[in-house]
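Student: Residue-level listing of the chains:
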Amino acid sequence: MKKRIDPKRMESIVLGIISFLSLLILWQTAIWITGTTRFPSPTTVIVRFFRALVEPIGPYTVIGHVAWSFSRVFVGYSLAALLGITLGLTMGWFPYVRAAFKPLFDLLRPIAPLAWIPLAILWMGIEEKSKYFLIFVASFVPFTLNAYAGSIKADRQLIGAAKMLGAKNNQLFFKIVVPSSVPQIFSGAQVALSNAWMTMLAAEMIRSSYGIGWVIIAGQQVNDMAQMIASMIAIGIVGFLLATGMRLLERRFLVWNNQGI
Amino acid sequence: MNRNAIVKVENLSKRFGDLLVLNDITFNVYKGEFLCIVGPTGCGKTTFLNSLTHLYEPTSGSILFQGEPVDLQKHNITYIFQEYSAMEWLTVRQNVRFGLEIKQQYDGIDKKVDDALELVGLKQFESYYPRQLSASMLQRVVIARAFATQPELLLMDEPYGQLDINLRFKLEDEVVRLCKQTNTTVVFITHNIEEAVYLGDRILVLTNKPTSIKEVIIDDFDRPRDITHPDFVEMRNRITDLIKWW
Chain D
1 MKKRIDPKRM ESIVLGIISF LSLLILWQTA IWITGTTRFP SPTTVIVRFF RALVEPIGPY
61 TVIGHVAWSF SRVFVGYSLA ALLGITLGLT MGWFPYVRAA FKPLFDLLRP IAPLAWIPLA
121 ILWMGIEEKS KYFLIFVASF VPFTLNAYAG SIKADRQLIG AAKMLGAKNN QLFFKIVVPS
181 SVPQIFSGAQ VALSNAWMTM LAAEMIRSSY GIGWVIIAGQ QVNDMAQMIA SMIAIGIVGF
241 LLATGMRLLE RRFLVWNNQG I
Chain E
1001 MNRNAIVKVE NLSKRFGDLL VLNDITFNVY KGEFLCIVGP TGCGKTTFLN SLTHLYEPTS
1061 GSILFQGEPV DLQKHNITYI FQEYSAMEWL TVRQNVRFGL EIKQQYDGID KKVDDALELV
1121 GLKQFESYYP RQLSASMLQR VVIARAFATQ PELLLMDEPY GQLDINLRFK LEDEVVRLCK
1181 QTNTTVVFIT HNIEEAVYLG DRILVLTNKP TSIKEVIIDD FDRPRDITHP DFVEMRNRIT
1241 DLIKWW
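Protein chains in written order, with the working numbering: chain D, 1 to 261; chain E, 1001 to 1246.
Extracted from the complex, chain D is given alone in its bound form (with noise of 0.2 Å):
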């Protein structure tokens, strides 16, 4: 049988669409009315945009830039997963832990990621090591907070059952802490997924040879403001990618967390 489409959900992607068009044809009109040349028209942005899919910008076209913007985002935020909910976790369930840790991670956590840059271009240079260190730093506080959030609020009454049904210190802590504080982690993961690719593009901005961050700055280098608003578009398009898809795993592994399912 066909599947009917939600009239709601269509209601909202016919917004959507009607949205976006409007501020292109905002856009469009505004740069008829001027006639100026110092912005872009949305047709030369967009044709500038598909170019770039298959014209090379440096050494790559846009989207070698930015497999390799995602490629530094992905090794950051990945070490920055495993040692950020491994510590939220731990902080939240072994007091020794949390009393050895939180202080030093309470002082840690209001330093903006971008306050780290001086420090580690000095630590490890301008190459790659320091722009992973970045995106590190600004994944690695909200993984830690949100884990360490869901493991101390996991469920006490929970706790006290399988503590009835025998269980171990090791056995509460995987069986009943770790599965409770999955949505919290999932929350942590989306805001560090957005800090991450926040803090790429100022790295890359300040210094690089490739990446998406980088052809924004070498479109400013040379006055190519269509080339630095399809850029801007394509890291709009893969923020939005890489949100649906963490909605998508979301949707997939907590399934059971679903409203009405």
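Think of the hints as simulated: they come from the structure by calculation, not from any bench.
Values in this document were obtained by computation on a predicted structure and should not be read as measured data.
Even glycine gets a Cβ: it sits at the ideal position worked out from N, Cα and C.
Hints are not guaranteed to be accurate.
Just so you have them, the derived chain E footprint on chain D, three or more residues with Cβ under 8 Å [as the list claims (entries may be wrong)]:
1. 161 to 167
2. 175 to 189
Some chain D residues flagged as far from chain E (calculated, every beta-carbon gap over 10 Å) [as the list claims (entries may be wrong)]:
3. L15
4. P56
5. F74
6. D106
7. M232
With a Cα cut of at most 20 Å, we get these calculated PhoX-like pairs of lysine-lysine [what the hints assert, rightly or not]:
8. E:K1123 / E:K1112
9. E:K1180 / E:K1031
10. D:K153 / D:K102
11. E:K1123 / E:K1111
12. E:K1074 / D:K168
13. D:K168 / E:K1103
Guided by the hints, dock chain E onto chain D, whose structure is given.
Tutor: Leaving out everything else, chain E in the frame of chain D:
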């Protein structure tokens, strides 16, 4: 009734700071019996059960299970709380399996899970998650999890307190049937006197704080029990008089 004492409680007292909650309690629980404990609300019934399982350390006195101090990791004891304690990330089947895995009872685990699901009538819901179940089904999941482990002692702390009266009657009958079928020893805490008379083989009536045992009543009416029978009503009224504090 087999009079082998499975639990021996002697001179149990529990104090929180200056507040004496349990005062010199002595009693036995016999193998295969359904022991109900009733008392006024707030008299310390849950403290009593938590002390029994060493969730709270008693201030004085001893609690022996099969002749040794209670050890939840060694002894096959299961506890059903008033609040639903199904793990929401596990399906019904996985929830029932959970207790067996914790107790590392892997022999014939699938059969035990199937039997427990059949007992509580949840076989066709085995792949559902707790969020998809009604209140009575959730409590039945917890009951199935408890019975799957074939506990030597089942502790129930007002397990039907949150259910409406129809569901409560249904689950009360179900739990009596299961306990008699599997010869499980049960300690059942409730403030509902009618429930205690309906379920129990013996009833321990507690006083207000500091809690001690006011009377032990043998409840040997034939099952299924008729709550309108004059003898039933008389026992219910007698217990009501015992726990009256007004």
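Student: Next, verify each hint and record whether it holds.
Tutor: Going down the list of hints, with the structure as the test:
1. 161 to 167: With 7 residues in contact (Cβ-Cβ under 8 Å with chain E), the coverage given for the stretch 161 to 167 of chain D holds.
2. 175 to 189: holds (count 5)
3. L15: With a cut-off of 10 Å, L15 (chain D) remains clear of chain E, as the shortest Cβ separation is near 31 Å.
4. P56: 48 Å, holds
5. F74: With a cut-off of 10 Å, F74 (chain D) remains clear of chain E, as the shortest Cβ separation is near 27 Å.
6. D106: Given that every Cβ of chain E is farther than 10 Å from that of D106 (chain D), nearest at about 29 Å, it holds.
7. M232: M232 (chain D) is indeed farther than 10 Å from all Cβ atoms of chain E, at 40 Å.
8. E:K1123 / E:K1112: 12 Å, holds
9. E:K1180 / E:K1031: Roughly 12 Å between the alpha carbons, so the hint for K1180 (chain E) and K1031 (chain E) holds.
10. D:K153 / D:K102: 16 Å, holds
11. E:K1123 / E:K1111: 12 Å, holds
12. E:K1074 / D:K168: Since the Cα atoms of K1074 (chain E) and K168 (chain D) sit roughly 11 Å apart, the hinted pair holds (cutoff 20 Å).
13. D:K168 / E:K1103: 10 Å, holds
Hint violations for this structure: none, all hints satisfied.
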